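One-letter residues, chain by chain:
2 protein chains.
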Amino acid sequence: MTDQQNKYEHLDEETLFIVSQTFKALSDPTRIRILHLLGEKECNVSEIAEELSLMQSTVSHQLRFLKNLRLVKFRRAGTTLFYSVDDEHVMTLLHQSIHHARHD
Amino acid sequence: MTDQQNKYEHLDEETLFIVSQTFKALSDPTRIRILHLLGEKECNVSEIAEELSLMQSTVSHQLRFLKNLRLVKFRRAGTTLFYSVDDEHVMTLLHQSIHHARHD
DNA sequence: TTATTATATGAACATATGCTCATATATGTT
DNA sequence: AACATATATGAGCATATGTTCATATAATAA
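Residue numbers (my numbering), protein chains in the order written: chain R, 272 to 375; chain Z, 272 to 375.
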């Protein structure tokens, strides 16, 4: 019988990058609040800003961040852009974490 | 019948803090690698450093971070400290995310 | 076209983050 | 006690991050 050393299987670079990026998106209170709100209902930018008491600019910047990671998407209605969530996996991670935070 | 406005239920400050802290812990490649390794097997500090090609100091700093959040724990054996994971919820989040990253 | 409304963007700034170096501390050994 | 080994810690530094301000862009209305 050969040695059973069971060498540790490293995480590959790409997986590590995707995973860290995903969690980074969820690591900021403002982005969490935006995602949580969009999880409840589709919203346009100014609705988000008002509901969460944030500057329009702040919301817009964070939406760009979330859109780059394909965590949110939008549809246009005239000059208004309605944003909604676009990654159910990530929303599941968020909701699980919220649930744990409340019950631990 | 009264209006059914369904006002949005805000996340409370404490939940928001815990959730963002948790995801912040998982947002850094080095911490992800350490947690993933500890998920496979208990390790002492120098084993982690060698296995992941990190400076002892870097590992020690990150372990302190993870320990403060109670994501890892340790037992002492002489001058050697053996670290292991201490939050199954968070490890579940990590493994789910790795799985999604690989299959999407 | 001009004006209006909604959203996006870039620059500037303050703060946070992660790494490395040097050194401290703690336990065990001789 | 003196020494060796394992780990922890603080300072310094470079980079990343999040917000705000001012302004640009885009669609629509008059």
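Derived from the structure by calculation, the hints contain no laboratory data.
A hint or two may mislead.
It does not matter which identical chain is used: a pair holds within one copy or between any two.
[To be verified] Cut-off 27 Å, straight-line C-alpha distance, at most; resulting in silico cross-link-like pairs (DSS-like, lysine-lysine):
| no. | residue 1 | residue 2 |
| --- | --- | --- |
| 1 | Lys312 | Lys344 |
| 2 | Lys312 | Lys338 |
| 3 | Lys344 | Lys295 |
Because the structure is a prediction, the values reported are computed rather than measured.
One pair to classify: Lys312 and Lys338, alpha carbons no more than 27 Å apart. Within, between, both, or neither? Only inside one copy: Lys312 and Lys338 sit 17 Å apart there, 37 Å across copies, limit 27 Å.
Checking Lys312 and Lys344: alpha-carbon separation at most 27 Å within a copy, between copies, both or neither? Answer is within: at 13 Å inside a copy they meet the 27 Å cutoff, but 40 Å across does not.
When Cα atoms must be at most 27 Å apart, do Lys344 and Lys295 count as within-copy, between-copy, both, or neither? both (18 Å within a copy, 24 Å between copies)
Of the numbered hints listed earlier, not one is contradicted by the structure.
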